[in-house]
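Q: Make the full structure from the sequences, and use the hints.
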Amino acid sequence: MNNETIQELINSDNPQVSAPRMYTKNLNAYFGKNRALQDISLDIPKNKVLAIIGPSGCGKSTFLRCLNRMHEEVGGTIKGEVYLDGEDIMKKDPVNLRRKVGMVFQKPNPFPTMTIAQNVVSGLKLNGIRNRKKLNETVENYLRKASLWEEVKDSLSKPGNSISGGQQQRLCIARTLAVEPEVILMDEPASALDPISTAKIEELVFELKKKYTIVIVTHNMQQASRISDYTAFFYMGKLIEVGKTLDVFTAPKLKQTEDYISGRFG
Amino acid sequence: MSPSTHYKVRKAKSRLMVFLSLLCLVLVIVPLVMILYYTVSKGINYINWDFFTKMPAPVGEAGGGMANAIVGTGILVAIGSLMGIPIGVMAGIYLADKEKSVFASTTRFMTEVLNGIPSIVVGVVAYILIVIPMKRFSALAGGFALGILMIPLITRTTEEMIRLVPHSFREAGLGLGIPRWKTTLFIILPAALKGIFTGILLSIARAAGETAPLLFTALGNRFWSTQLDQPIASMTVFIYDYAKAPFDDWNQQAWAASFVLIVLVLLLNILFRLATRKRFAT
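One line per chain: the protein sequences are A and B, in this order. Anchor point for the first sequence: position 10 equals 9 in numbering that gives the first Met the number 0, and the numbering is continuous, going up by one each time. Anchor point for the second sequence: position 261 equals 260 in numbering that gives the first Met the number 0, and the numbering is continuous, going up by one each time.
This list has only true hints and no planted wrong ones.
Label pairs and their calculated CB-CB ranges:
hint	chain 1	residue 1	chain 2	residue 2	range
1	A	N46	B	K181	29 to 35 Å
2	B	V8	A	I195	51 to 57 Å
3	A	D92	B	I269	45 to 51 Å
4	B	V264	A	V73	40 to 46 Å
Short, incomplete list of chain A residues facing chain B, as computed with Cβ under 7 Å:
hint	residue
5	R97
6	M102
7	N108
8	T112
Honestly, the hints are just simulated from the structure, not real lab data. Note that this is a predicted model, so its numbers are computed, not measured. Backbone N, C-alpha and C fix where the C-beta goes; we use that ideal spot for every residue, glycine too.
A: Shown next as C-alpha cells:
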C-alpha cells in the first residue's frame, strides 16, 4: 500500500480505518458506588464531529467529562483507558491534558470579573504567558475564529457577562480555542440559547472541525443530524450504537436507537 | 358563613397580622433609637477638637481628650486584623474548597463554637498565653485577643462568599487547563472579594467595640503609648473607666467617647452596605 492510499483511507469516512484522535477502552465512570458508564469503547475520529445523543441521565455528559478528566473534579472516579494520540490520559497530569482537550459548557460561563478581552486570554495568562503584544493579537485572532470579533470589537473592555447569552457562549468558545487545544468537548453548548444564536454556534462547529476534533453532547437530534459526522447513542450508561450520522438516523441497526430517534421514548 | 363574611374575617386576620408585625418592628427599632438618642444627645456637647487631639487630663483637672485611646484602638484593631484577616481568609478558602472532608467539617464546627465563646473568655486565654509569659499587660496581648475574635467571623463570610461563586467558574477555569490553586486564587477569589471585604469590615467593627477581652490584656493607659509591648489605651476601656468614675467631667467624656465609637461602627456598617450593594453585575 503506498502512502496515498493510506492517506485516502485515513481521510475516508470509515471510523474503523481513519486514525482516531482519541479512543476509550472499557471506560467505566462512577459516582460513589453508582456506575454511570459501563464499558464504553468508542473511537473519536480526527477532525470530525462526533455527536453523543441519548435521554437525560444516560451518561453522555459524564462520558464527555471523562475525556478531559473533569469527572474527577466533581468527586467521580474513572476506571478504564482513555487514549489521546496513543497515550493513556489516565496516567497523565490532568492540567496538561485539559490544555489539549478543551471544553465548552452548557451554560455560558465567561468570568464576570474579567473584561471580554481578558476572558479570551485568561487561559494563556494564567498559564504564564505575559507578552502583551502576543496576548493582544490572540484576542482579535480568536474572537474572529469564534465569529464574535465584529460584534464586540468596540466593547473589548466591558465585563465578560455584559453581552448576550449567545455572544457569551461564543466568547467561551474563543477562550477555549485560545489555549490551542486539539480536541474540543461541547456539553450541550446551544441548549440555553435562542434559535439564531444556536445557528451561529452550529456554523461555528462546522468551521472548527477543519482544524479540531469535536465531541458534542446534544439533546437536540436535529442538531446532531445537522452538524455531526458520527453519532453515538447512549442509554442507561451504555453505548448502544455508533456510526455515521446519516446511517444512525436513517437506518439504525438497533430497535432501541430507532425508538429514541423517532421520539418513542426519552 | 356567607362568602362575604368569610372574606371580611380573612381581611381582619390579615390586618391583625400586619399590625403585629409592625409592632415587633417598632420593638426592634426602639432600643436602637434610644441608644442613639442618649449617646448623641449626651455625647455631642462634649465633642470638640480637644477631645480628639488632647491627652486625658490629670485626675482632678477638667478638660482633656482621648487621643491616646483613639490611636490605641487603631493599633489594637490593626494587630487583630494582621492576625485575623490572613488566618480567617485562608481558612475560609480551605473550607469552601474541601467542603465535605472530615477535617473541614470539624474545623467548621470549631469555628462556630469559637464564634459563640464569650469574649471575656478569649481575653482570659490571651492573658494566660501572652500576658503571663511576658509578665506585663501589652498591646500585643490585646490585639491577639481581638484577632481570635475576628477569625471565626472572617472564616465564615469567606467560606460563604466563595460558595456563592457559581461552580461553573471553577469548571471553566479547570477546563482551560488552569491549575487548581490558580483557579481558586485568580478566578474564584476575585468574584468573591467584595463579600469577603464586607466580612472583614464587620469583624473590624466588632473588634473595635470589644471591651471585656481588653480589660486584662491591653489594660488601658492614661499616657501616650504606641509601644506594642506596653499597656495601651482603647476607646472601650476608656469608656468603661470614665463611666464608672465619680467625676461629672469624666462621665461626660465617656458619653462623648461612646458617641464617637458608635459613629465609627455606623460608618463601617454603611461602608459594608455600599460594598455589598453590587455583588454581581448581571
